[in-house]
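K.L.:
Sequence:
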Amino acid sequence: MMNSQFWTIERVAGFCLILGNLATFPGLIMFWIRAGHRGGPPPSPAYYTWERCFIMAGIVFTVLGFLVLQEPLQNTDAGTQARIGAFVFLFAGVLGVIGESLHIKQGYAKSYPIIVVV
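This note's numbering puts the sequence shown at residues 10 to 127.
No lab work stands behind these hints: they were computed from the structure. Virtual Cβ for every residue (Gly too), placed ideally from N, Cα, C. Be aware that one or more of the hints could be misleading.
Cβ pair distances, simulated, as ranges [said to hold, decoys possible]: (1) S53 <-> V97: 33 to 39 Å; (2) V21 <-> V103: 20 to 26 Å; (3) P54 <-> Q90: 39 to 45 Å; (4) W16 <-> A101: 24 to 30 Å; (5) G94 <-> R43: 30 to 36 Å; (6) V97 <-> R20: 23 to 29 Å.
Just need the whole structure built from these sequences, with the hints factored in.
P.N.:
Structure representation (structure tokens):
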């Protein structure tokens, strides 16, 4: 069994941030393979759903990492900036997940305004 002192707040924050990057990476690779940056269509609806789900999972884990990381920074000179940064990333992450979810369900034309805001 792992020692409970191993999981400090800083390590949990780092773990969440690394997990967010690892979760986003497959979605970005799938996007690049289908040439999405050039407007390439996905090969199937399931492919597109998996691609977007990986990106949404990365957003969620990164938001958790920043929210956990802002707590240890409260006792430093950067406490206010850490809280503002975590809040802004949380707000953008929520909008991003909502936009991606609507994009999968309703299509590009109906979810475009939310994606532009993000």
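K.L.:
Between the beta carbons of S53 and V97, is the distance compatible with 33 to 39 Å?
P.N.:
Given range 33 to 39 Å: holds, Cβ gap about 35 Å.
K.L.:
Given a hinted range of 30 to 36 Å, is it respected by the beta-carbon distance of G94 and R43?
P.N.:
Roughly 32 Å apart at Cβ, these two residues keep to the hinted range, so it holds.
K.L.:
Go ahead and decide if the range 20 to 26 Å is satisfied by the Cβ distance of V21 to V103.
P.N.:
Given range 20 to 26 Å: holds, Cβ gap about 21 Å.
K.L.:
Quick check: does the Cβ-Cβ distance between P54 and Q90 fall within 39 to 45 Å?
P.N.:
holds (42 Å)
K.L.:
Indicate whether the distance between the beta carbons of W16 and A101 respects the range 24 to 30 Å.
P.N.:
holds (27 Å)
K.L.:
Can the suggested window of 23 to 29 Å be confirmed for the beta-carbon pair V97 and R20?
P.N.:
For R20 against V97, whose Cβ atoms are near 24 Å apart, the range 23 to 29 Å holds.
Consistency with the previously given hints is maintained throughout, with no hint failing.
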